[in-house]
Amino acid sequence: MTETFAYLWHHRGGRIGLICLTFMVSVAVFAPVLAPYGPNEQLSGSELMGMSAEHWFGTDLLGRDILSRTIYASRVSLTAGALAVLLGAVIGTFIGLVAGTLGGWADSSLMRLSDSISAFPAILLGAAIVAILGPGFLQVAVAIAIAQSPLFARLARAIAMSEARLEYIEAAESMGASKARIIFRHILPNAAGPLVVQASLSVGIAILMESGLSFLGLGVQPPTPSWGQMLSDSLRFLDFVPVYAVVPGAALTIVLVGINLVADALRDKLDPQSKQKAGS
Amino acid sequence: MTAFFQVENLRVGFRSFRGRKQVVDGVSFTVAAGEKLGVVGESGSGKSVTMLASMGLLGSSAIIKADKIELRGRDMRGASGRQWAQVLGNEISMVFQNPMTSLNPSMRIGEQISEPIEVHSPATPRADLQATAERMLNEVSIPNPALRVSQYPHEFSGGMRQRAVIGMALSNAPAIVVADEPTTALDVTVQAQIVSLMGDLSTQRDLALILITHDLGLVAESVDRVMIMYAGRVVEETPVANLFDSPAHPYTRALLESRPATGARRGRLNAIPGFPPTSADAVSGCPFHPRCAFSKDREICRTTRPALTEVAEGQRAACHFTDEVLATPVGATVQSEKTEKRAISQDVVLNLEGVRKSFGAVNALNGVDLQIHRGETLGIAGESGCGKSTLARVAMGLVAPTEGRVRIMDTDLAGLEGRALRAARRNVQMVFQDPTSSLDRRMTIRSIIAEPMVIAKWKKADIARRTDELMAQVGLGAQFLDAYPSEMSGGQRQRVGIARALALEPDVVIFDEPTSALDVSIQAQIVNLLDDLRAKTNAGYAFIAHDLGVLRHVSDRVAIMYLGRIVEIGDVDEVFEDPRHPYTRALLDSAPVDHPDLRRDDAFKVEGAPPDPANIPSGCAFRTRCPIATEKCAQTVPALVALSQGNHRAACHYADDTERLAQLTDGPKAPAVPG
Amino acid sequence: MLRYIFRRVLQAALVVFIVSVVVFLMLHMVPGSVVTVLAGTDPSPEMVEALTKRFGLDQPLPIQYGRWFLGAIQGDLGTSPISGRPVTELILSRLGFTIMLAGAAIVIASVIGIAVGTVAAIRQNTWVDTTITAVNSLVLSVPNFWFGILFILFFSVSLGWLPSGGFRGFDRAGFGALAYLVMPAIALSMDSAAMIARLVRASLLDELSRDYVTVARAKGVRARRLLLRHVARNAAMPVLTVLGLRFGQMLGGAVLIESVFNWPGLGRLTVEAIETRDVVVVQGALLYFVVIYMAINLLVDISYGWFNPRVRAAVGGRV
Amino acid sequence: AETLIFGQTATLPTLDPYNLSPAHEPINNTLYDALTRYDDQLVPQPRLAESWEFSEDGTALTLNLREGVTFHNGRAFTSQDVANTVEHVLDPANGALIQSFAKRITSVETPDDMTVVLNFEAPFPGVFDLLELMYIADVEASGDFSQTGIGTGPFALASHASGTATNLQRNADYWDGAPTLDGIEIMTVPNQQATLLALRSGDIDMVTELGYIDLVPFTRDGSFVTGDAPSGVAHDITINSRSAPLDNVAVREAIDLAIDRDRIARLLFGEFGQTLCLPFTEESLAYVAAQDDCRYDLDEAKTVLEGAGVELPLSLRMLTSTEVRTEYTTIAEIMQADLAKIGINLEIENVDAVTYRRRYVQEQDFDLASHAYGRAGKDPSSLLETTVVFKPEGNVSGFSDASYAEAVTQGGSTPDNDARRAAYAGASEFLRDSHHVLSLVSRPRLWVTSEDIEGVSFSADGFAIFQNATKAD
Ligand SMILES: Nc1ncnc2c1ncn2[C@@H]1O[C@H](COP(=O)(O)OP(=O)(O)OP(=O)(O)O)[C@@H](O)[C@H]1O
Ligand SMILES: Nc1ncnc2c1ncn2[C@@H]1O[C@H](COP(=O)(O)OP(=O)(O)OP(=O)(O)O)[C@@H](O)[C@H]1O
Ligand SMILES: [Mg+2]
Ligand SMILES: [Mg+2]
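Residue numbers (our numbering), protein chains in the order written: chain G, 1 to 280; chain S, 281 to 955; chain P, 956 to 1274; chain V, 1275 to 1747.
Everything labelled a hint here was simulated from the structure, so no lab data went into it.
One or more hints might be untrue.
Taking lysine to any residue and the SDA-like style, the derived pairs with C-alpha atoms no more than 25 Å apart in a straight line are [stated by the list, open to error]:
(1) V:Lys1615 to G:Val33
(2) G:Lys179 to G:Gly193
(3) S:Lys885 to S:Pro405
(4) G:Lys269 to P:Val1246
The task is simple: from the sequences and hints, build the whole structure.
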């Protein structure tokens, strides 16, 4: 763990990423200390103010401080991203490992299922799932998790299949190890590197997706602020508080820069072979 | 002889984020017109880097310094890419180890072969290029060149690809060819073909040839002069004959002694202790001194780097004690006693009857009958793809045979499932070819070795006791218990694999090419270890190997396989000395000789490569490559029958027809009956 | 080859079938139905009942699905209760826009991406490479739709150079119609361009480190020829895959960009249909997405063969 | 070649004028005509009916139809079309929004081509509300009129692409004189922001249904004309009074007292905002000034709540849907902040439009709901008799009161205006005292056009009328 951090710190991109990410995570954790106002504090009479000393980035229609809301919104994005990826990774990895190890019928049906999910454009899939579950933090996380699970399934399957070709799996089989032992004791630990890399990349995708769903009005419930919903809100007030359209977007970008750089650095460390497949 | 290519005091280092690593340290060599120079050394000794650096082919991370790089009188030090481009492919060209990766997969063979001409004389008309490509293919003996030029690399077999690569290197008539392990990736029979092809061509064209190899046999077979490299330096340079008779450097000598020979069965191999240094500057003084049998910890070896000094005509060595080395006859350092032969019991521990296995259209095994007795070692040889590994897998119950029966001790694997099958499997264990991929890289050595016992639900204390025992048995120190495989060398990993296989005291242990990924010196350690184990345990062993020398060294009996069948089986000395199947003959004759004096022109070198296992010829599968095949061979599958004398069986209609077999040496080489 | 395609198509058909069943069930799990929409704000129970019956929603699910399925295999995807128009017609009316936007975006992304990536690879480890890599990382992290918003703020609101959204067809605006395409296409292409640049760089460098490149240099081949004749084709594979997948995703509707720029694409149609519980339209659109997804994947695989004779043989070998 | 481009966020799926969704507003009086139309004093004016007369007892209305009117397909308009329209509206399977109100028509007679008689069970003074919205379409024409849009209106359909654009072209044969504009394009823009940007960049000419904040920048910009029109829509908070603690009138009163109607009106509609305590605007027959007496007083609210005998803090759920109207949620958020101060934790459930309707209308699954109702500006009868919020039986709030029901029936079936006023006063009193439905603010229709557009007018429901609109070049 510390070794990984040390590595990231000495990696050119990794260090910048780590700084961005640490910054935003601290912002999320210390939101109550950092934010000058409560996220939902309505200051009657200070509605739609531009930048000022009291409100660095102005206020919204209800007189809420945009900076404070942006700060608090980091909590939604970061936790939704992390939660969604955790869920998606667990489901997807399990499916992928089982499919890749068992092969045959189980493999093709599980993979057709995962194909079916990937065939949906992610945001639309999210919209459909949110339509079923109703909007809300957990629901959105679940929707994103489902949309992400094929990525993990495919990756885990590919790893399981390539690991299965390695002789140590055969060795384990010859010792009389059961399938379950092979999957969980051997393949899973060896898949961990690439999966962690995928997960770190996925957190970025998940956060992006959360903000997209919120932008479409399918995200967390008001009054809880989220960046996507703030961005869509901001467009109405371009004339009054133009900076409103910039602040949440910038915060979102900082998080994504952080995550992507850290993920790239992790990939260099944990999964060097896949470097050239950076596109997938 | 004029120096064609001369390099003096070449030093190469690499920049990396960990700092600088010196890889080649002061190498000098010259090659004269028409001369064949061999460059020998263990993996990582800097052979490839030396040649690539001398040819301006190293990337930007290399720091290259030299006092002289002169190619046909032209000074190439600090030459630009453009200047090198004018020389490369024109005056000097290269053949690499791996024929698949050295061909561009998406370009037609013909284009690639004629490319040196195209880039050096851009005005050459297309038709001429095509014609040259065809001519080259013809010259490297690829049939039907007109068709072949327009094919892609994947449509060629490994041997054909390497021929094409050689054709490519020669197409623009260079004066020097550098061949970097050109046959390592090939089967023995094909290797023999390529070696003789290169020899013929270089003689015909009066080429200077630099042959990089780790195989002393190849050197014995084909070069005039040898340069031995160790840790980025030249430790000895000598005419080839002296190398085998009077090596002047302890390392050269150790290499020779660690090598099992095909010709005769010898005593214990002389394993070189320790491992080569990781870089040229990692060891002070003589880089070999920590492993040297002559150094005896003498001060000078540790502190002073020996210079290359002349010890005989044309022979130079970099050792402080060459006199001492030369005074000791070769083989004297070897412990001559071989482990005493074990009592082979009549107990059959593994019994295969009529086993067939097909993967779709591929018939990997076509009816194999085989017994292994308790206490014996059965060697199995055969070219790549003939079904050796499949046989091993079937024997272990990892794959079910399509037909036939597998019995381990008294248990028939057929019909067993789940837990029962898993339990039965434990009586057969395997040691794999690749010591890296056969160990789970995320487990400590302790848990790797303990795993079979954990699965067999042993008690903790028993596991710990047995683990220590096994570590000692395979000669690994306890300090490795908590290490990960990545922290060990190939030979050490292979020991771990062996320890794991022995953990449950199986009745049968199958070694699937356990040494082919290892350097000779390490290979000797493993072979010796096997000798010891055979003495101490009473399992039945099956040993699969490409290297006939190793096989002869370890086996009590050998089986020769061809296309999923056993074609000859019997007592090891008998089979090696009196092979009765033409294929066995081909294998033995294809193996490189043990000494330059044994070079001969009449060796039986079989043509072509084995047919596709998805498309096995009727009758005797070998008939398409067999010079003495007849109509009968095409019609009837020869049975594996006992020969008139000896403890020996062969599957050839003419196994007892010694006259006919004698034709193999001088008779016609083309198959008598077309395929 | 044909057999291979046939097998892939069969697989795709299977996926389509699974998807259609799943979607059907899913949309029936969604609370509320199209009747809720049609019955208006002050519905009477009799109206709800009458409408339910009119659209066959009172039938058991398997029958409803069966009807849709029978129609679908005859090419009739049904009629949207909300708009009263055949689903095929609705989808076709948006398809042109979607293809136009996705096509423009993928062209921009590949041109920029390949150019920039190649420059970075050739100038590996120089400041040019470092700058490109840094910009790439940044661009990859900026959400497309925020790019869109910033573009609008800048080019439409502040400078007034380009229309902020919507689309006037070529029939009405002539080449002026292109002005409507510029911003959404660029915004949509940004992250793909960065990703492709990155990938082009990585796969060029990867190819350049291979043995055959050293061999080619040992033949006297110089940089330019090396890149064009030897490396480009082999490096194209991963790039092509990603391009294909990206194009597929874009054809699946870029909902966010579509809503920022008011682009009448399929993504929006689908979102609206989900909102109004217009099951047949959602089914139809998803059918389209799956077909596109599968078709692109198939095309990518087939075009591999063009770039890599080995795959061509593997694919062709299954005949 | 003057085409007015009208932008709206709502998707116009069909051209069915009885759907009456916000998306239909620009087409209704454009493709279609009704028999009568209110002027700005809410006096019905002749359209397709030239004159009309109630029977003595008020249970029949005879309308004399206009001669020489033709549908867009060239067919002449007759009394049979009125009968067909009524029949179509009454069929529940057609989902006409006015269906429940239209049920007061018991039968239709067509004594001749140009005369039509509507019969009612009881006098129906509010019938012109119905006629205003009962657009005459060629319901019998071949092809689905909801796709072909065949009416008698000033513009005829040129093309209709649901969700993108609908093009209308001038009806040169219009009975009331051909309109000036060549055509109208109704463009669907996915969100308010995009609409405003498009308006600013000149891609569209006119937008209605704006928030005040959206309007402000345009009021300062000389190249745009802004204005408001009544829309008949008003925002309310519906309280589900079926179960504890909201069955407790004191709790409801406390909530009423905690609503800052002025702030809501100001934030949503600026100077156009008009707060409401009663369901009706001041112009309405049912308006009673004395009862327009709600206050924002958090201290009193707190006192009332503390005296209500419920355990504090209360947790309540408020249903809203940004997808239906952004203001729903804004109001919810404002209330959330205020209610927190008196000890009520409001959880906002912001759902999509369909779920909103299902939970609001069908399942009544909410504690409080942010809502808006139409028809507030016209005759009280349709409002009180048919809307889900106020109808005496089966309303969403779950109240039922005999005197209220009586008052509503009385007010709606008496021709005499004073008698109606008296009856409705009783209804108002009940609504004020029981706090089931808290009216908040009437919703003006705020609109912007580019400066070259003139002559657009609005019906009493705030539907745009383009008959006399012009666009300068
Ligand atoms: N591009 C490079 N960057 C850094 N180190 C390198 C590079 N190429 C080779 N080396 C190192 O240089 C040393 C010598 O390598 P070289 O390839 O010359 O060995 P070799 O004698 O050809 O071995 P083999 O028999 O395995 O081919 C090795 O330790 C290798 O790790
Ligand atoms: N799982 C499999 N599926 C399909 N074909 C297989 C499989 N395993 C082996 N084969 C094929 O069976 C034949 C025999 O393979 P096998 O690995 O037993 O050869 P081998 O003698 O061990 O060769 P090598 O010396 O290269 O290890 C080969 O043609 C191989 O391609
Ligand atoms: Mg090498
Ligand atoms: Mg093998």
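Comparing the hints with the structure gives:
no., hint, result
1, V:Lys1615 to G:Val33, "holds, 23 Å"
2, G:Lys179 to G:Gly193, "holds, 21 Å"
3, S:Lys885 to S:Pro405, "violated, 39 Å"
4, G:Lys269 to P:Val1246, "violated, 38 Å"
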